[in-house]
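*Asks:* Generate coordinates for the entire structure from the input sequences, incorporating the hints supplied.
Number of protein chains: 2
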Amino acid sequence: MKSILIVGCGLIGSSILRAVSEKKLFKNIFVFEKSKKNISILKKLKIKCKIINKLSNISNNLDFIIFCTPMSQYSNVTLKINKLVSNNTIITDVGSTKEQSFKNIKKILKKNTTFIPSHPITGSEVSGPKFGDKNLFKNKWCVLINEKNINKLHLSKLKSFWKKLGSNVIFMNSKQHDIIFSITSHLPHLIAYNLVKTATDFEKQKKYNLIKFSAGGLRDFSRIAASNEIMWRDIFFSNKKNMISAINLFIKNLNSFKNDITLKKNKQIINKLINTKKVRKKIIQLKQDINKPDFGR
Amino acid sequence: MKSILIVGCGLIGSSILRAVSEKKLFKNIFVFEKSKKNISILKKLKIKCKIINKLSNISNNLDFIIFCTPMSQYSNVTLKINKLVSNNTIITDVGSTKEQSFKNIKKILKKNTTFIPSHPITGSEVSGPKFGDKNLFKNKWCVLINEKNINKLHLSKLKSFWKKLGSNVIFMNSKQHDIIFSITSHLPHLIAYNLVKTATDFEKQKKYNLIKFSAGGLRDFSRIAASNEIMWRDIFFSNKKNMISAINLFIKNLNSFKNDITLKKNKQIINKLINTKKVRKKIIQLKQDINKPDFGR
Numbered sequence: 001m002k003s004i005l006i007v008g009c010g011l012i013g014s015s016i017l018r019a020v021s022e023k024k025l026f027k028n029i030f031v032f033e034k035s036k037k038n039i040s041i042l043k044k045l046k047i048k049c050k051i052i053n054k055l056s057n058i059s060n061n062l063d064f065i066i067f068c069t070p071m072s073q074y075s076n077v078t079l080k081i082n083k084l085v086s087n088n089t090i091i092t093d094v095g096s097t098k099e100q101s102f103k104n105i106k107k108i109l110k111k112n113t114t115f116i117p118s119h120p121i122t123g124s125e126v127s128g129p130k131f132g133d134k135n136l137f138k139n140k141w142c143v144l145i146n147e148k149n150i151n152k153l154h155l156s157k158l159k160s161f162w163k164k165l166g167s168n169v170i171f172m173n174s175k176q177h178d179i180i181f182s183i184t185s186h187l188p189h190l191i192a193y194n195l196v197k198t199a200t201d202f203e204k205q206k207k208y209n210l211i212k213f214s215a216g217g218l219r220d221f222s223r224i225a226a227s228n229e230i231m232w233r234d235i236f237f238s239n240k241k242n243m244i245s246a247i248n249l250f251i252k253n254l255n256s257f258k259n260d261i262t263l264k265k266n267k268q269i270i271n272k273l274i275n276t277k278k279v280r281k282k283i284i285q286l287k288q289d290i291n292k293p294d295f296g297r
Numbered sequence: 001m002k003s004i005l006i007v008g009c010g011l012i013g014s015s016i017l018r019a020v021s022e023k024k025l026f027k028n029i030f031v032f033e034k035s036k037k038n039i040s041i042l043k044k045l046k047i048k049c050k051i052i053n054k055l056s057n058i059s060n061n062l063d064f065i066i067f068c069t070p071m072s073q074y075s076n077v078t079l080k081i082n083k084l085v086s087n088n089t090i091i092t093d094v095g096s097t098k099e100q101s102f103k104n105i106k107k108i109l110k111k112n113t114t115f116i117p118s119h120p121i122t123g124s125e126v127s128g129p130k131f132g133d134k135n136l137f138k139n140k141w142c143v144l145i146n147e148k149n150i151n152k153l154h155l156s157k158l159k160s161f162w163k164k165l166g167s168n169v170i171f172m173n174s175k176q177h178d179i180i181f182s183i184t185s186h187l188p189h190l191i192a193y194n195l196v197k198t199a200t201d202f203e204k205q206k207k208y209n210l211i212k213f214s215a216g217g218l219r220d221f222s223r224i225a226a227s228n229e230i231m232w233r234d235i236f237f238s239n240k241k242n243m244i245s246a247i248n249l250f251i252k253n254l255n256s257f258k259n260d261i262t263l264k265k266n267k268q269i270i271n272k273l274i275n276t277k278k279v280r281k282k283i284i285q286l287k288q289d290i291n292k293p294d295f296g297r
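Residue numbers (the working numbering), protein chains in the order written: chain Z, 1 to 297; chain P, 1 to 297.
By construction, these hints were calculated from the structure, which means they are not laboratory data.
Keep in mind that the hints are not guaranteed to be accurate.
Claimed, not checked - Stretches of chain Z that chain P covers, calculated by requiring three or more beta carbons in the stretch to come under 8 Å of a beta carbon on chain P:
1. 12 to 24
2. 187 to 195
3. 271 to 280
All C-beta atoms in this analysis are idealised placements derived from N, C-alpha and C, irrespective of residue type, glycine included.
*Replies:* Structure below.
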């Protein structure tokens, strides 16, 4: 593949830029970015690429296009890239939900072209190209959506792209994907936001200054709750159905904990607390975290 | 002060042991510990101290006694130390809730002796003397309960003890303490446990293998949800009233988020997500966390 277009160059886009440049995967790299602040940071990286702020500024057919904007911009982006694509172009994204965005894109994408959704499971609470890292995808999962009618040649090329960036590629359908990540990622983020909101509401209500004591647990949630608001609004809205089921299950379980506490149900609560500890062991075995105790940073 | 008795020598007790030994704060150090495993770990530390497994094995009056057992053992411990104390003995603990335990201890403590509750805001998800650290209290808050009838001379000596261990001492009454930490520490832990429980329930229901994708958020909660179950049962039960209020406020806010998602209320959700980000900034300014992005460990 000769040419790549990275659409949107924040944390993820600029990490892809750094990685493909370092590994010399493409001859021509185009970067679409509108934010002046981001463009100025990107220029300082001294990476050989063409930064454009209008998609009409590219004339050639492209080999590879990757959407790294917030998901709410996908329809807009698709309409604009339609004239840059042929049936050989591999088109993908890095968004955190799949079912709805995939449907929307398919509706407006130029006929006889293929879009295959990707989701690299990585990121941080910070955003912007300043924090990009060429190793961001290394040893991380990357989910590719494999459904009927997906172009298998494109899929295999896309898999190879992510493998070159160091990812472990896994296939799912978009429905499966959205259900799984509603629990492992979207609900945890919502809960973190909600916990910090609860602490702030409480502070106002009771007029206690409590944030300064947040090292006892709140701190860890506040990091997750500092993630980008546009990105997370898009995730919550586009995964609405699964989010609502996840929230309902969470509230059901929380009411059960409340009941255990109210009635001091010793056996029930101890069982719950022991079982969650087992999950932690599994997470470490699966190399999703390291087995190093945290005493605060 | 010449002699100290550390009652229970897990993570916190053994950290106190290491610190007082290193700083030579006492001539005689007694450690009460029943677990054979813990005793064997403690012996390997080669710290000059007397490890006892029966409190009747000490005959002298002690200058300083600190309870480091789970809070559910406090009544039992108080009854046993009654014969080792005089009105000069400083007696304290390190438990995470104060109102109920303080009341219980006062009821059964020998007349004319004083107990002053302490709460060092530190710890980890791991337990046991293996993980103890002489610097565990350094630059961490330590709350001392100051209420009417508290012996001011003892309070000042206790403050000086924690300052020698490196803590920043702050005074509260037990009611205030329990309210503040119900939000900054107890609720976050319950929420972490509940989130991991929800993920496991979901895994069973849907027969999806999802734990292997926990790097997207769940991982961070699972660390907190691996904390000691006896300790946390005691905290939840002894801070029952405040836990229930905190859970109710949390559920109210979560339902409001659910409503925003269901009706795709853009402005409302963006406002919520932006406001939580501000709290993160405040937490970093207050040195409760460092400003280093987390890309996974």
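*Asks:* Among the hints numbered above, which are violated by the structure, and what are their numbers in rising order?
*Replies:* 1
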